[in-house]
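> Given next are the chains, with one letter for each unit.
2 protein chains.
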Amino acid sequence: MKLYNFFRSGTSHRLRIALHLKGLDTEYVALDLRKEEHLQADFKAINPQQLVPALALRDGTVLIQSPAIIEWLEERHPNPALLPRDPDARAHVRALASIVACDIHPINNRRILEYLRKNFSADSDTVNAWCGTWISAGFDAIETLLAADRQRGDFCHGNTPGLADVYLIPQVESARRFKVDLTRWPLISAVDAACAQLQAFRHAAPSAQPDAG
Amino acid sequence: MKLYNFFRSGTSHRLRIALHLKGLDTEYVALDLRKEEHLQADFKAINPQQLVPALALRDGTVLIQSPAIIEWLEERHPNPALLPRDPDARAHVRALASIVACDIHPINNRRILEYLRKNFSADSDTVNAWCGTWISAGFDAIETLLAADRQRGDFCHGNTPGLADVYLIPQVESARRFKVDLTRWPLISAVDAACAQLQAFRHAAPSAQPDAG
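As you go down the protein sequences, you meet chains A and B in turn.
So that you can map any letter, position 205 of the first sequence is 205 in full-length UniProt numbering, and since no number is skipped, the others follow by simple counting.
So that you can map any letter, position 210 of the second sequence is 210 in full-length UniProt numbering, and since no number is skipped, the others follow by simple counting.
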């Protein structure tokens with residue numbers, strides 16, 4: 001499988017974590033978003049949405065959108081499972097993931113911040129305040145949901161890493177970049193520390209990628 | 001089940017469509033977002049994220065985040081199915097849904113537009129241009145993906161309504177509100193017309209809700 005991605009992209013990062021947790025190897029294809037390589041015609045032919053990540057299967061099928069790809073991984077490569085078995089617990093874990101996937105990450109990604117800089121003359125403090133607003137709102141909700149979950153363990157849900165951790169860790173990384181003070185969320189910080197011990201998360205980290213820099 | 005929602009909320013709308021397609025009745029609980037009823041303490045106790053929709057089950061469990069709730073519906077009430085059986089096809093349909101769920105809707109929702117008005121002094125033309133940018137980028141990608149799908153039928157994928165339609169139709173409704181010209185996307189428009197014939201979509205429409213106005 002070919003993984004089209006960028007070391008610092010949060011959606012690429014979450015997909016790399018899922019792939020490493022599943023023990024799946026991929027060929028790493030880097031697209032430098034800073035050079036707008038994702039906007040070139042050859043990548044548009046691979047992913048019409050011109051966003052990373054995309055996963056090209058051996059038969060040529062291209063999967064796009066990290067939430068769709070990660071659910072596909074769970075269906076095609078069920079072990080180790082990223083989701084619990086019980087549907088209510090699955091809904092809880094998917095809700096944690098969706099808070100990041102829908103209500104934090106897309107609002108802070110590259111194309112949005114470029115729009116703010118270009119059309120609203122936003123400087124770096126204004127951009128950090130924008131990102132901090134949505135990260136804080138989402139993390140406040142996640143922290144409350146983690147506190148209320150009787151099955152919280154070393155990780156977001158239970159004592160093995162799962163879907164919620166896959167989404168949360170890249171968002172914590174991004175929060176650090178936007179200078180958000182993480183001490184406000186001790187449970188999220190504890191999950192982050194637990195994940196940092198695991199090889200799958202270390203190998204998927206932006207700084208560990210061949211295009212990092 | 002109690003459905004906490006708001007007639008005009010796109011995420012509420014998509015969940016209502018899924019519930020109607022599954023033939024499930026709910027008790028409708030309206031929260032008027034214009035009066036900030038979702039920001040009151042009593043709703044925060046139900047959903048710490050203070051967003052609609054939320055679905056309270058008979059045992060008191062509250063499900064939040066429409067993508068998580070819709071996957072739960074598919075698991076607990078599998079018939080009629082909203083997703084195809086084949087994992088690659090499921091990934092395709094989920095990708096279409098995710099383009100709306102992650103890369104269009106959250107960027108244009110109420111709290112973001114309020115921030116633009118308040119912090120960037122955005123007027124209604126500026127807000128419409130903002131929304132039009134993200135709707136157009138997403139719809140361009142969806143239109144291309146629909147054109148390339150050999151299993152496209154009357155609906156996004158095949159000849160029965162499914163997950164992609166559940167997400168797409170509320171976004172089309174929202175595009176109309178933000179004065180986006182839909183003639184640019186004939187395949188999306190055809191799906192919209194097909195869905196408009198179905199009772200599940202009619203009953204889920206914002207204008208058909210008790211709090212509409």
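Treat the hints as calculated values from the structure; they're not laboratory data.
Be a bit skeptical, because a hint or two may be false.
As the list makes no split between identical chains, a pair holds if one copy fits it or if it spans any two.
Derived BS3-like pairs (lysine-lysine); straight-line CA-CA distance at most 30 Å [said to hold, decoys possible]:
| # | residue 1 | residue 2 |
| --- | --- | --- |
| 1 | 44 | 179 |
| 2 | 2 | 118 |
| 3 | 179 | 118 |
| 4 | 179 | 2 |
| 5 | 118 | 22 |
| 6 | 118 | 35 |
| 7 | 44 | 22 |
Keep in mind that this is a model prediction, so the values were computed, not measured.
> For every hint, state whether the structure bears it out.
Hints and how they fare:
{"no.": "1", "hint": "44 <-> 179", "result": "between (33 Å within a copy, 27 Å between copies)"}
{"no.": "2", "hint": "2 <-> 118", "result": "neither (34 Å within a copy, 44 Å between copies)"}
{"no.": "3", "hint": "179 <-> 118", "result": "both (22 Å within a copy, 23 Å between copies)"}
{"no.": "4", "hint": "179 <-> 2", "result": "neither (33 Å within a copy, 39 Å between copies)"}
{"no.": "5", "hint": "118 <-> 22", "result": "neither (40 Å within a copy, 45 Å between copies)"}
{"no.": "6", "hint": "118 <-> 35", "result": "within (17 Å within a copy, 33 Å between copies)"}
{"no.": "7", "hint": "44 <-> 22", "result": "within (28 Å within a copy, 36 Å between copies)"}
Consistency note: the structure conflicts with the earlier hints numbered 2, 4 and 5.
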